[in-house]
Amino acid sequence: AQSVTQPDIHITVSEGASLELRCNYSYGATPYLFWYVQSPGQGLQLLLKYFSGDTLVQGIKGFEAEFKRSQSSFNLRKPSVHWSDAAEYFCAVVRSNSGGSNYKLTFGKGTLLTVNP
Amino acid sequence: EPEVTQTPSHQVTQMGQEVILRCVPISNHLYFYWYRQILGQKVEFLVSFYNNEISEKSEIFDDQFSVERPDGSNFTLKIRSTKLEDSAMYFCASNRGVGELFFGEGSRLTVL
Chain S
342 AQSVTQPDIH ITVSEGASLE LRCNYSYGAT PYLFWYVQSP GQGLQLLLKY FSGDTLVQGI
402 KGFEAEFKRS QSSFNLRKPS VHWSDAAEYF CAVVRSNSGG SNYKLTFGKG TLLTVNP
Chain A
164 EPEVTQTPSH QVTQMGQEVI LRCVPISNHL YFYWYRQILG QKVEFLVSFY NNEISEKSEI
224 FDDQFSVERP DGSNFTLKIR STKLEDSAMY FCASNRGVGE LFFGEGSRLT VL
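Sequences listed follow chains S and A, in order.
Numbering (this note's numbering) for the first sequence: 342 to 458.
Numbering (this note's numbering) for the second sequence: 164 to 275.
For the record, the hints were derived by calculation from the structure and aren't laboratory data.
All C-beta atoms in this analysis are idealised placements derived from N, C-alpha and C, irrespective of residue type, glycine included.
Heads up, some of the hints might be wrong.
As the list claims (entries may be wrong) - Taking lysine-lysine and the PhoX-like style, the derived pairs with C-alpha atoms no more than 20 Å apart in a straight line are:
1) S:Lys445 to S:Lys390
2) A:Lys205 to A:Lys220
3) A:Lys220 to A:Lys241
4) S:Lys409 to S:Lys390
5) S:Lys402 to S:Lys390
6) S:Lys445 to A:Lys205
7) S:Lys450 to A:Lys205
8) S:Lys390 to A:Lys205
9) S:Lys450 to S:Lys390
10) A:Lys220 to S:Lys445
Said to hold, decoys possible - Looking from chain A toward chain S, a few residues come up when the C-beta cut is under 7 Å (computed):
11) Lys205
12) Val206
13) Phe208
14) Glu263
15) Phe266
16) Gly267
17) Glu268
18) Gly269
Unchecked claim - Here chain A is said to cover these stretches of chain S; the calculated rule only asks that three of the stretch's residues, wherever they fall, bring their Cβ under 8 Å from a Cβ of chain A:
19) 379 to 389
20) 447 to 453
Hey, can you work out the whole structure from these sequences and the hints?
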């Protein structure tokens, strides 16, 4: 069964500092990969996704993520964090050969980001 | 931009009561999903729905749960007799079968 590990439960950074949130997955083949963000009291918003092609993907709000097949990782990065980035971040995977009725995302436990002024 | 909408945003109920959570998926999407997030835990898959029937359900989705698409726009999750451990945020999502899931803002259920 596929699984997603986000090793950092809580990260605190200063505003303007760089950020990297880690995500590792366990799956026999290349999955589709996603990062979602959840602001307090809000729903899940897609930041970016990887299906195939260029392993460095750009997302909204200045985020990017790099897929590294050899490390089974899909880490999220941002060069300069803003106070509004404080939220919980979820990595998610789905089997790339799935679709339609068996298209089921598996989420990591999330990383809570605190941004200090 | 089209979005998934959910009502209510927050519901408080007594243990043993029935609860219906409502969702309006994006209009041209065909696949609908419910996910659940217990406070402090990961988002978990509950059920997927296509062509007016359940496609797949998790072990969490027991006989107390049911889903329905009563008309052309709504997609509902019913919990027949709520338990304390049903307290969670429930997310509805939809897509066209591949690609990202589009999530609603969630319905927070509190069972007392």
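Results of checking the hints against the structure:
1. Among the hinted pairs, Lys445 of chain S with Lys390 of chain S is consistent with the structure: their alpha-carbon atoms are about 15 Å apart, no more than 20 Å.
2. Only pairs whose Cα atoms come within 20 Å are accepted, and Lys205 of chain A paired with Lys220 of chain A is accepted, the gap being roughly 17 Å.
3. Among the hinted pairs, Lys220 of chain A with Lys241 of chain A is consistent with the structure: their alpha-carbon atoms are about 14 Å apart, no more than 20 Å.
4. A threshold of 20 Å between alpha carbons decides the hint, and for Lys409 of chain S with Lys390 of chain S the separation of about 14 Å falls inside it, so the pair holds.
5. Distance hint between Lys402 of chain S and Lys390 of chain S is fulfilled; the C-alpha atoms sit about 14 Å from each other, no more than 20 Å.
6. For a cut-off of 20 Å, the pair hint linking Lys445 of chain S to Lys205 of chain A stands: about 14 Å separates their Cα positions.
7. This hinted pair checks out: Lys450 of chain S and Lys205 of chain A have alpha carbons roughly 4 Å apart, not beyond 20 Å.
8. As the CA atoms of Lys390 of chain S and Lys205 of chain A are separated by approximately 19 Å, the hinted pair is consistent with the 20 Å bound.
9. Note on Lys450 of chain S and Lys390 of chain S: the hinted pairing holds, with a Cα-Cα distance of about 18 Å set against a maximum of 20 Å.
10. Distance restraint check for Lys220 of chain A and Lys445 of chain S: the Cα-Cα separation of roughly 10 Å lies within the 20 Å cut-off, and the hinted pair is therefore satisfied.
11. Given hint, Lys205 of chain A at the interface with chain S, holds; its Cβ is 4 Å from that chain's nearest Cβ, closer than 7 Å.
12. For the restraint placing Val206 of chain A at the interface with chain S, the shortest Cβ-Cβ distance is roughly 4 Å, inside the 7 Å limit, so the hint holds.
13. Checking Phe208 of chain A against chain S: minimum C-beta separation of about 5 Å stays under 7 Å; hint holds.
14. At a threshold of 7 Å, the smallest CB-CB gap from Glu263 of chain A to chain S is about 5 Å, leaving the interface hint in force.
15. Using the Cβ-Cβ criterion of 7 Å, the hint placing Phe266 of chain A at the interface with chain S is satisfied: the shortest such distance is roughly 4 Å.
16. Residue-level restraint check for Gly267 of chain A holds (minimum Cβ-Cβ distance to chain S is 6 Å; threshold 7 Å).
17. A hinted interface residue such as Glu268 of chain A counts as satisfied when its beta carbon comes closer than 7 Å to some beta carbon of chain S; here the least separation is about 4 Å, so the hint holds.
18. Here the hint on Gly269 of chain A is kept, as its CB sits about 5 Å from the closest CB of chain S, short of 7 Å.
19. Counting residues of the segment 379 to 389 of chain S whose C-beta sits closer than 8 Å to any C-beta of chain A gives 5, which meets the bar of three, so the coverage hint holds.
20. Only residues whose beta carbon comes within less than 8 Å of a beta carbon in chain A count, and the segment 447 to 453 of chain S has 5; three or more means the coverage holds.
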